[in-house]
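Number of protein chains: 6
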Amino acid sequence: MSSLTHFDDQGQAHMVDVSAKPATLRVAVAQGCIRMSPDTLRTIVQGMAGKGDVLGVARIAAIQGAKRTADLIPLCHPLPLSKVAVELECLDTLPGVVCRVTAQTVGPTGVEMEALTAVQVGLLTIYDMCKAMDRGMTITDVGLLEKRGGRSGHWQREADTAPPRP
Amino acid sequence: MSSLTHFDDQGQAHMVDVSAKPATLRVAVAQGCIRMSPDTLRTIVQGMAGKGDVLGVARIAAIQGAKRTADLIPLCHPLPLSKVAVELECLDTLPGVVCRVTAQTVGPTGVEMEALTAVQVGLLTIYDMCKAMDRGMTITDVGLLEKRGGRSGHWQREADTAPPRP
Amino acid sequence: MSSLTHFDDQGQAHMVDVSAKPATLRVAVAQGCIRMSPDTLRTIVQGMAGKGDVLGVARIAAIQGAKRTADLIPLCHPLPLSKVAVELECLDTLPGVVCRVTAQTVGPTGVEMEALTAVQVGLLTIYDMCKAMDRGMTITDVGLLEKRGGRSGHWQREADTAPPRP
Amino acid sequence: MSSLTHFDDQGQAHMVDVSAKPATLRVAVAQGCIRMSPDTLRTIVQGMAGKGDVLGVARIAAIQGAKRTADLIPLCHPLPLSKVAVELECLDTLPGVVCRVTAQTVGPTGVEMEALTAVQVGLLTIYDMCKAMDRGMTITDVGLLEKRGGRSGHWQREADTAPPRP
Amino acid sequence: MSSLTHFDDQGQAHMVDVSAKPATLRVAVAQGCIRMSPDTLRTIVQGMAGKGDVLGVARIAAIQGAKRTADLIPLCHPLPLSKVAVELECLDTLPGVVCRVTAQTVGPTGVEMEALTAVQVGLLTIYDMCKAMDRGMTITDVGLLEKRGGRSGHWQREADTAPPRP
Amino acid sequence: MSSLTHFDDQGQAHMVDVSAKPATLRVAVAQGCIRMSPDTLRTIVQGMAGKGDVLGVARIAAIQGAKRTADLIPLCHPLPLSKVAVELECLDTLPGVVCRVTAQTVGPTGVEMEALTAVQVGLLTIYDMCKAMDRGMTITDVGLLEKRGGRSGHWQREADTAPPRP
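Protein chains in written order, with the numbering used here: chain A, 1 to 166; chain B, 1001 to 1166; chain C, 2001 to 2166; chain D, 3001 to 3166; chain E, 4001 to 4166; chain F, 5001 to 5166.
By construction, these hints were calculated from the structure, which means they are not laboratory data.
Built from N, CA and C at the ideal position, the CB exists for glycine as well.
A few of these clues could be false.
Partial list, computed: chain B residues near chain A (C-beta under 8 Å) [claimed, not checked]:
id : residue
1  : F1007
2  : G1065
3  : L1075
4  : A1159
Starting from the given sequences, assemble the full structure and let the hints guide the process.
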């Protein structure tokens, strides 16, 4: 069971003890996509001109979602985020939208979950706003791109397993 | 702008008026997967035998996530869920876990977002518990399978666009 | 497994389907106590005269706690409370404070958990405010006194198993 | 009024100033029980074999409850928990379940309230899942067993006032 | 004490019993302003052209704030909002921004608090985004403009006591 | 766009990076008023004698509101409050109530938003409790009085722009 750190020797779930870990800078970058019909994407792109700003709403939802991570993920430690930045890009080649989030904290634990949760909430918010015209949209390729800081150090997704980048 | 109902005539985001819509039974089924290394999947499967119950924790997180939907998705109406059921299955062919959620309410609006949010929180929780052994896991193919009730009636994802089913 | 309705045929936790249950008036009364040293109780009683109103703070916490029930208890249905009333009484014979909460809703499910959660949050709040002078306080005899409404009808705790009443 | 630190000189509730207190390791252990009929306990014990895992659900609820403490208890400082561990044991002698929670933080205030809130939410969750078969269950003997860290140092409940230990 | 319905005969706060009140359409319109320097207002107006959309962020915050009302206001009943619309207008004559919110529900209680809370959260969000350039901004003239539905019927603010309207 | 720090070079909202800022003591004092009819104020003042303690409830709501700030204000950093104190005073000259809040933290960002949010939630709570007798109450003159700590140092509202002080 040693490989699943969120469970103790008896196999019971717990919030892992990080009391003795030093507070250091932690960075995580996560990304995901929502695939949709070309028509739906066109409607979103038109909204970027100022009327019906789907991406603006999704960005705010993603940032707020990052702050709710410890509420949502049972064994996550609460942590004071020191940065959340959200990039949203429309890609005709998907067609759809790519959401990439960078999260940072200065603390004893990583911020991967915060970056991933922000991506998911951002993409769900796009789904919500476009679902009346396109119920078949799919959220896909959500994963960690990179993390820095902490004992495990720098980690980067290998290029050939990476989700599409804009 | 008529196609984006979450924005008014001036293109401003709003929570759509559903005051006049009758309360009827609404059902939504959503699904998604998390892909991982065969080793990680094996560890999860072993945990199902009683020690380190990753799927049990994810199920609870998904149900609680469904209840937080209106908190997370800015333009979602709050609604009293009358059922949430979560199926989690380990699939060697992915390899990974499929999460399928059925949500119901009796109300004036649909429960697609509740079902989708539950799927996402469930999959994120699996990511959280396994990330120490496998940072490259990917959440993918998250979408609506079916919805019933309301003015738009029955909708079902076409077979050839469907995410993998166990 | 039929006796545990919160688990399905496979033994998996779910939020039970109440879609077909009619909305009727539901009432629940719950109660609990916090036992403390006579000195601590005296300090609380003196505060009732206007300075240091421990019970006033606990009452507000209990009411707000009732509203958080579905957030806290994983398989609880969210429901719109239509009444919450909190009685707090100082009892020299404990010595300590008795907290009794009546909760009501008009809906398809009962409000026992809302009444019980309110009692617990109210008593925890008293503990918080008095803990600097008395760490050994004990919260005890928290249970349901009565429930009305719903298919199971009227239920009342038998006198000889009841927690102390003021 | 000096004995109630949560009230100022005028007797008004406030969140106490801890700005000047150093961040040190704080540990708290709290415990409580839920008493039930022998039949109910037997059903829970059977569920531990893999079907209907009442204790697994309660454990997750307790951990998440610890993270909601400052939301629930009005004058509690928000704090970043660095560990939460939950032990649940079935005791035929009660009959019932004992819940013991250890909480830790590195901060200027204690974690007693987090440990106690986790115990209460865990026990309430057991009540919720078993209430259809046993409405008369009682939550009892909830108290602090031990605390370490901070100016007040080590505190341990005296043996003869202690709630039952498994 | 009859004039303060949120307190019972003993003067204790409670959540008023609305179990017997019928569910009818309730509408409330609330409004408020934030006054600022002409420079700050100019910066906001420039952002409306697409870069730095202060009002877009404030609108989302206001809508989400409406949904948190029962969490924030202790004696408020939780209710399922059926509409929230937010108008934000820049007024050179203040100089500043006017925020007007219309909220609706179909239920036994009014939505005044939801409309007012949305106004306040929207204006606070504007303050937050502009505070680095203008700490002296003032939120002012926040009040109810109109309410409809319920036993007390239609109420409208008298013209001469009204806050400035755009 | 440099003047609006909550937006990046592309004009997109983000949570500003404070990872490199040192944790120092931050203090903020905010204030606001609610104006009402003389009758309503008289009812509140009578309640201070022990029956119907409007101000006691508002004080608790204000403190809890301070803790919800990062949930409500999208681009606010979450921070561990180390002090919240709320003063409420009845003023015949308004007539109405003045609410003043002092908030503190030891961290990399200021606590202005926490102090302001607490003021607003406190005043909204007074509105809620008195609205049945006086719908025309107005919340007004809500602003920052003073802040200390951080790179921008000490800031104090100029006397002639200040809201009324008791």
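Hints the structure fails to honour: Violated hint (a single one): 4; every other hint is consistent with the structure.
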